[in-house]
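Working from the sequences, and respecting the hints, build out all of it.
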Amino acid sequence: MKERILRVLTDYGIVLMLIVLVVYFTISTPNHIFITPLNLINITHQIAINTILGIGMTFVIITAGIDLSVGSVLAYCGLVAADMVKHGLHIGGVTILPNTPVPLAVLEGLLGALVVGGFIGSLNGVVITKFKVNPFIATLAAMTIVRGFAFIYNNSYPISNLPNSFDKLGGGVGGRFMHIPYPVWVALLLVVISHFVLSRTRFGRQVYAVGGNEEASRLSGVNTNRVKLMVYIIMGVLAGLAGVLQAADVSSADPQAGLMYELNAIAAVVLGGSSLMGGRGTILGTLLGALVIGVLNNGLIMLGISDFYQQVWRGVVILFAVLLDQAKIALLARQRRVAE
Amino acid sequence: MTEEAVVPALEMRHISKTFPGVRALDDVSLTVMLGEVHALLGENGAGKSTLMKILAGAHPKDTGEILLNGKPVHIDSPQSAMELGISIIYQEFNLVPYLNAAENIFLGREPRAKIPSFVDFRKMYADAQAIIDRLGVKLNVRTPVNRLSVAQQQMVEIAKATSRKSRVIVMDEPSATLTEHELASLFTLIRQLQSEGVSIVYISHRLEEVFEIANRVTILRDGRWVATEKVADLDRDQIIRYMVGRELKDIIPKAPAAVKEPALRVVHLNRTGVLHDINLTVHCGEVLGLAGLVGAGRTEVARAIFGADPIDSGRIELFGKPVRIHSPESAIRHGIGLITEDRKAQGLILGMAVRENTTLANLAALSRFGFVCRAKEREAATKYVKDLRVRTPTIEQAVQNLSGGNQQKVVLAKWLFTKSKILLFDEPTRGIDVGAKTEIYQLINQLAAEGVAIIMISSELPEILGMSDRILVMHEGRIAGELSRAEATQEKIMHLATGGE
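Quick note, the sequences are listed as chains F and P, same order. The first sequence runs 1 to 340 under the working numbering. The second sequence runs 1001 to 1501 under the working numbering.
Note that these hints are calculated values from the structure, not bench results.
Result set (DSS-like, lysine-lysine): computed pairs, CA atoms no more than 25 Å apart in a straight line:
{"id": "1", "chain 1": "P", "residue 1": "Lys1421", "chain 2": "P", "residue 2": "Lys1376"}
{"id": "2", "chain 1": "P", "residue 1": "Lys1254", "chain 2": "P", "residue 2": "Lys1419"}
{"id": "3", "chain 1": "F", "residue 1": "Lys132", "chain 2": "P", "residue 2": "Lys1344"}
{"id": "4", "chain 1": "P", "residue 1": "Lys1344", "chain 2": "F", "residue 2": "Lys328"}
{"id": "5", "chain 1": "P", "residue 1": "Lys1254", "chain 2": "P", "residue 2": "Lys1421"}
{"id": "6", "chain 1": "P", "residue 1": "Lys1254", "chain 2": "P", "residue 2": "Lys1386"}
Below, the structure written as structure tokens:
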């Protein structure tokens, strides 16, 4: 019986945690405002960016890697997008398409951010695969380098006064479809796509294989370097996209944007049951992880808990989830021994 | 043996040990006298290492007892073995690379200074140097271990053992990485330890060394004790006969191959310091045995052919056409498969299901537009589980939950599914039970009959002799000789493998 309870707790730990938090906040917030549609939509809006980053981070972490540079990439790509929206498509002072009409300029900014994000991701990937630098160190270096370039971009000033049609991408006024902010739709679409990529495609299988046992994968004909390069590019593109959404949301591209976002993304992934040792993890888990973090942040604010205590609770929840995961691993190991 | 008047320094009596699916030791006994150098011999897998690991407290024994100087002792951890004066010097040394020789010798037992928790470095260096000097080794104990030669590191290990007042020192293949000159000084050192009353268990594949240094020898085979005799009463051939024993030729039915066209030809293959001028040809339908001692370069040949390691020169031809294989990916595209020696580290994704492991090397065959067709995948996995009789509850079982033999079958399923025309088997039956072994032999024979060209590496001589149409023997990175199935005997293989002319 005790084992049964533990089993349910470990298999559905994150779902249970989400339910407990929702019920608790519903009961304890004044007039149950937590559970109002408006607040629930707010929560999804608040977690959209972390979910998008978490998706990329899930790919990276399943290969037993890590990417600490995403917050910086987000800031830099936001600046690139804002700059292009305002000043047209240009590379290194050479203007390619000046004075494009606004809707087209927004598209240019978006694509520019995605390309730059992917490019930075590919640099991370090359350093990690070709030069065999540990991912933690490689992306730690990228984190500060890219952050530096973000400050250099506009002499440390944000780029503001962006056109309205750009701001709509952030999900503010007019930026909604069926009452749901655009970033939430984007995140949802990406959840669905990436879930199928990971669970149904050859590439997805290879991502798991590389994380599960890189040498065995290589000897089974998996181009392990290409797989690893790809996951860092995916991460970079998604960080670029997140940068656009973030800049649009606050109508300003700020070189200080995205500080600590890499850690929030990692937290969502780990809460969702991915193993930092690689080989294990799901997109749906990451979505749940992002939801738990979002619900917790929102609920604690609703209850008027001080910012400092919010941080404490966030840490406690992460620790609890990871301990549950450890219990699950121990349980599986015991079953294996019994089976033998 | 004659009545022993003196009490032996070490006695291991009736030791048995079973690992899941494998009986590693069956009623093995070993007696080592005071100040004796006792050689422990046997083929790979005979149980030498297991016996020594039990002595060292690394594995618990199932039954049997261990006596030191006639008194029964209880060894349940490496710690307790050490405290009883037993030291083991493994092939891979247990030294901390960035600490110096003295720090390594006294690791965990540093002499204390007057101030609590500080180390008395002066005393430590003086003591360490004294030990090193007494062993007759030229070495500055302040040198970091990673800057010492392999031979010097070994001396540090021995110094560490003697500084602990070890009464029994086990040396596992101590000569494997030594030059002749270094070996001579190792022998001098062993003789000195011997004169001080230290007993030495000496494990080696090189019989000449055994004749030179050992007093007595114990021979194991298939986890059983075979003989213990004075070295002076034995000759080389007798020892080899003791080691190899039974013939497998009669157990495995083998149809002689109808040899067809050459499938794979390796010409002047070199990898600096590892492989020297390797030439070989394997034909369709043929099983080519690759014999030799551990470290002779057999695995390296397979890995070079498979593109897993880079080569420095040489070429590879497939069905008469030269090909460039620069990665396992391209080897697989050319129809080559490698069943690795270490299935857990290199053959399987342990956390993945039987289904996923089976299809990993040939997902392309199951994919459309990059999506894996699940129905086809399940069908393929189910087929191979059935064909190979993999004992697993479902194809969704994680392979880490299967027994060794069944894991190996999943590895084989993976390569069968790639429809490889050339298969390289590296120790295909290591660590699996007898039943599964026979099934794997039958499968190899069946593949050969279907025209697959096979190279089989094995350290088990009966297996090589029973399975191969032709045998190449390797020694120190070179091909030392070729034997036809008719002329091959265990003695001839051992002769070539140990560097005999």
